[in-house]
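As you go down the protein sequences, you meet chains A and B in turn. Under the working numbering, think of the first position of the first sequence as 1, with each following residue one higher. Under the working numbering, think of the first position of the second sequence as 1, with each following residue one higher.
In the DSSO-like style, the derived pairs of lysine-lysine whose C-alpha atoms are separated by at most 30 Å in a straight line are:
#, chain 1, residue 1, chain 2, residue 2
1, A, K259, A, K211
2, A, K209, B, K37
3, A, K209, A, K259
4, A, K314, A, K259
5, A, K211, B, K37
6, A, K211, A, K314
On the chain A side, residues computed to face chain B include the following (Cβ under 8 Å):
#, residue
7, I96
8, D149
9, E305
Hints are computed from structural coordinates only; laboratory data are not their basis. Predicted model, so just to flag it, every value in this text is computed and none were measured. Glycine included, every Cβ here is placed at the ideal spot set by N, Cα and C.
Letter by letter, the chains look like this.
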Amino acid sequence: MNAASLPTGLVAGRMRRSDRERVMVTPEGIALPLTLASRGTRFGALVLDLIFIGLLMLVTTVALVSVAGGTAVFAASEGEGGNAARALEFLAVLWIAAMFLFRNAYFLFFELGPRGATPGKRITGIRIAARDGGRLSAEMVIARNLLRDIELFLPLVFLASASDGGDMGAAGLVAAAWFLIFALFPFFNKDRLRAGDFIAGSWVVEAPKRKLEAVMSAAGAASAAGAQQAPPAYRFGEAELSVYGEFELQTLERVLREKRPDSLRQVYEAICKKIGWPPDKPIVGGGDERLFLECYYTQLRARLEAGMRMGKRKADKFG
Amino acid sequence: MSEVGAIERAALRSDRFRLAREGDWRRLEAIVSRMEKGRLRSLSDEDVQALPVLYRTVASSLSIARETSLDAATLAYLESLAQRAWFLVYGPRLTLLAWLRQFLGGGWSAAVRAIWLDVLIALAVMLAGVAVGWLLVASDVEWYHALVPGQFADARVPGASREVLHDTLFGNEGKNAMSTFAASLFSNNAQVSILAFALGFAFGLPTLMLLVHNTAVMGAMIWLYHGQGLTIDFLGWLAVHGTTELFAILLAGAAGLHIGRSMAFPGTRPVAQAAAEAGRRAATVMAGVVLMMVVAAVLEAFPRQLVDNTPGRFAIGGFMLMFWLVYFYALRPRRARSATAKGAPA
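For reference, chain A alone in the conformation it holds in the complex (with noise of 0.2 Å):
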C-alpha cells in the first residue's frame, strides 16, 4: 500500500533544518543547538537601534539647548555674563561628551549585560555568543563594536558628505566600493559574520525563550476521561503502531499542541487510512478524533521510546 502521507503543511517541518543551525559544546561535555541570527533580522535590530540612538541624542541635544537657552536668559537679566558663560561651556561639554557615549558605548553597555544584546536585538530575540563555545569576554565586545565605526559611522557620513557636495569623483566610487565590502561581509562567509565578529570571534544567534508544555500523556482527552489506560476502542496493536517513526510522532505532537480542529481531522484521516483503522469494528463518530489522535500518539510514543531504550531507533516510516 502506498503510504497515505500527512498533509503538505505538516511536513514542512522537516525541512527546516538550515545551514543556520549549529551546534555548542559546552564545558559539560553537552551539545546546545543554536541557530544563527538572520541577517535580515540583524539588520532589523541595527534599524531599532540606530533609531533609540537618534532619539537619545535628540532629546540630549533638546534637553541641554533648552537649558542652554534658559541659562542665556537668565544672565542677560541678572547680568551675570562670567558665570553664565562657564555653564554655558560646561553644557557644550557635556554634549559633546554625550554625542561620543551615545555613538561608542551605547552598544558597549548593552552587549555587556547579562543579555548580550541591545535593545533592538532583545526586540527581535537575538544576542551575541562567542564563537568557540567559551565565555563572552569584555574584549570581544569592544572589539565587535570599534569595527562599527567603518563598517557604518563612516559610510554614513560619507554618504552625507557625498550628498551635500554632490561630487563623486573617482575617489568617491573607490571609498563607495570600500564600504560596500564591509556592509556586504556577512554575505561572504557562512557564519554570517560581519567584520567586527570576525575580529572579535563572537557571532549573532537566535535566543530563543521557551515555555515548558503540557505533560501529552498526562493531561488532555484521554486522562480528562479519568482512564489511566486508553479506552479498549483505542488499543493499538503492534502491525497498526509499527507503521509511524519519531518523525511522525513529532508531527503528531505538533498538531495535538496546536489544537486546530482542521489538521486533527486530516491527521487522523490520514492515519486511519494509512493503518487500515477500524479493521472491523464499527467506525468511531466524528468528534472523536482527539481522543483517537491521543491514545495513538501515546502508545506510539510507548513503543518508540521502548525500542530507544534498547538502542533501537526508527526515524520516520521510511526507516
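Position chain B against the provided structure of chain A, taking the given hints into account.
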C-alpha cells in the same frame, strides 16, 4: 491534583521522568529570567548559589531526555533553558569595575607588550611619515597646502613672520572655552584612533597610510617652524600633549597592524581564529587608547595653554612619556607576565 498523582497518572516513563524533575527546571527558569532582566538584587543568596547546580541538573536532564524521550516540546524547552542558563553561568562574569581594575592593573600593559613588533613597525612608519612631510615641503612649498588641513593653516602658512608663528605657540593663557576645546579634541582624536584601528582589518595597509598622512602633517609643520628658528619651541608646544597623543595614535595604529598582520600571516592557525585572537588583544589596547586620548585632550587644553614657556612644556611632556613607558614596559605584575608569555604573537 497533587504532583504525585500527576506523576502516577502519566502513562509514559519519559513523562514521569519529566514530571519528577519539572520543579528544578522551573526554578532555574525563574532565576534565569530574573537575571536576564538585570534584577540581580531581587535574587536571594540561595538562588544565586543554586544557579550552577541547577544548570548542571538541567544539562543532565537534557542529555537523558535526548536518549529516552521523544517529547519534542520538552526537548526544545530544555535546550532553550540550558542555553539561557549557559550564557549566564559562562557569561561575562566581570562587572565593569572589576574589569577596569584588571585592565589597569596589568591587562592593558600586557596587551601593549604583546604587540611589541607592531608598535615598532608603527613607530618606524610614523617617523618615516614625519621625514616624508618635511622633505616634501622642503622640496616644494606648495605641498604644505596639500598636506596641512585648513584648520591648522590659519596663520601658520609658509612665509609667515617669526612673530606670527611665535604668537601661535605662546600667549594663549587668556583664551576662553578651553574645556569645550578639550572635549571636542578628545572626541575627534579618539575617533581618528578608532579609525586607525578599524582600518587594520584590510591587512593593515590603510592604517599605515593613515599614520603616514597624519605624521606628514607634523613633519610639514616642523619644517615651517624650523624655517624661523622655532623648532625647539614648537616641539615643546607639541610635547605637552603630543607625547601622550602620539603614543596613543602609535598604539592604535599598532593594534590595527596587529590584526592586519595576523590575517595576512596567520601561521598554522585558521585565519578566523588568528584574527579573533589578535582582535581581542588589540581591543584591550584600544580601550586604553581612548583613555590616553582623554588624558591628551586635558593636557592640550589646560597645561599647554597655562604653561607658557618651553622648558616647562618639555618637563610635562617628558614626564608623561616616562610615565607611559614605565607603566607599559617596566611595571610587570606576575600575573600579567604569564599572560603575555601565553598570548605573545610572532
